[in-house]
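K.L.:
Single-letter residue listing:
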Amino acid sequence: DAMVIQNPRYQVTQFGKPVTLSCSQTLNHNVMYWYQQKSSQAPKLLFHYYDKDFNNEADTPDNFQSRRPNTSFCFLDIRSPGLGDAAMYLCATSREGQGLYEQYFGPGTRLTVT
Amino acid sequence: GDSVTQMEGPVTLSEEAFLTINCTYTATGYPSLFWYVQYPGEGLQLLLKATKADDKGSNKGFEATYRKETTSFHLEKGSVQVSDSAVYFCALSDSGSTDKLIFGTGTRLQVFP
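Chains A and B, in that order, are what the protein sequence lines are.
Residue 1 is where the first sequence starts when you use our numbering, and the numbers rise one by one after that.
Residue 1 is where the second sequence starts when you use our numbering, and the numbers rise one by one after that.
No lab work stands behind these hints, which were simulated from the structure alone.
Yeah, the Cβ is synthetic: ideal placement off N, Cα and C, and Gly gets one too.
Check before you lean on any hint, since a few could be wrong.
If you anchor each label on the Cβ, the simulated ranges turn out as follows [what the hints assert, rightly or not]:
(1) A:86 with B:55: 34 to 40 angstroms
(2) B:69 with A:10: 44 to 50 angstroms
(3) B:10 with A:86: 22 to 28 angstroms
(4) B:68 with A:14: 17 to 23 angstroms
Residues from chain B that keep clear of chain A, each with C-beta distances beyond 10 angstroms, as calculated [to be verified]:
(5) 12
(6) 22
(7) 105
Work out the full structure: start from the sequences and follow the hints.
P.N.:
Right under this line is the structure:
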């Protein structure tokens, strides 16, 4: 089945220790997104790629970076995690932009910062 | 800017009760509207969508109608089940220049036998 896969499902890192979360998709979608979701809150968009074009949200901290080496994979790098970065990180894809197509979400990676 | 407002939860119902979760939006363009559902410990799944005024989205017994005159997209189900317990998010996507979803704050539904 075509899908969005996130690894790992649970990640524990230490305060200030860089961490990378990964996302892969078999849907061959052009657009990939990273969201941060804190407990009992709505997902908050961090950034997205339209093909290779990177689009950062204005309020995304510099501590968060992303890479998309090819259509299938996208990575979220947190350079120096703080306690406030503990959250669920959701990857999503969509076929095209322009708001007409739904986003397909992965199961998420729950990040704990100790 | 564009925004989505949902009724606060939790919504607590008995099995087979009627469900309504209210959602209203503010948008400058002509957005597409979505309901996503999130089960505990999982990512979001699309439940239904509508892309233009008066469209009705439906799936798994859930329905929502895109009402431009009242800027609403209320979610309804005639008879809920325990397995419907989850968090429901209303969202919009501007059909203009952006590719992103704007979510409401989510409404938790708890259904008891």
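K.L.:
Against this structure, judge whether each hint is valid.
P.N.:
The hints, checked one at a time:
1. A beta carbon spacing of about 39 angstroms between residue 86 of chain A and residue 55 of chain B agrees with the range 34 to 40 angstroms that was offered as a hint.
2. Hint check: residue 69 of chain B to residue 10 of chain A, Cβ distance near 46 angstroms, so the stated range 44 to 50 angstroms holds.
3. Against the hinted window of 22 to 28 angstroms, the Cβ-Cβ separation of residue 10 of chain B and residue 86 of chain A comes to about 23 angstroms, which satisfies the hint.
4. As the Cβ distance of residue 68 of chain B to residue 14 of chain A is approximately 51 angstroms, the hint placing it in 17 to 23 angstroms is violated.
5. Even its closest Cβ contact with chain A, about 16 angstroms, leaves residue 12 of chain B beyond 10 angstroms, as expected for a residue assigned away from the interface.
6. With 10 angstroms as the threshold on Cβ separation, the claim that residue 22 of chain B sits away from chain A holds: the shortest Cβ distance comes to roughly 16 angstroms.
7. Taking the minimum C-beta to C-beta distance to chain A, about 5 angstroms, the non-interface status of residue 105 of chain B is violated against the 10 angstroms cut.
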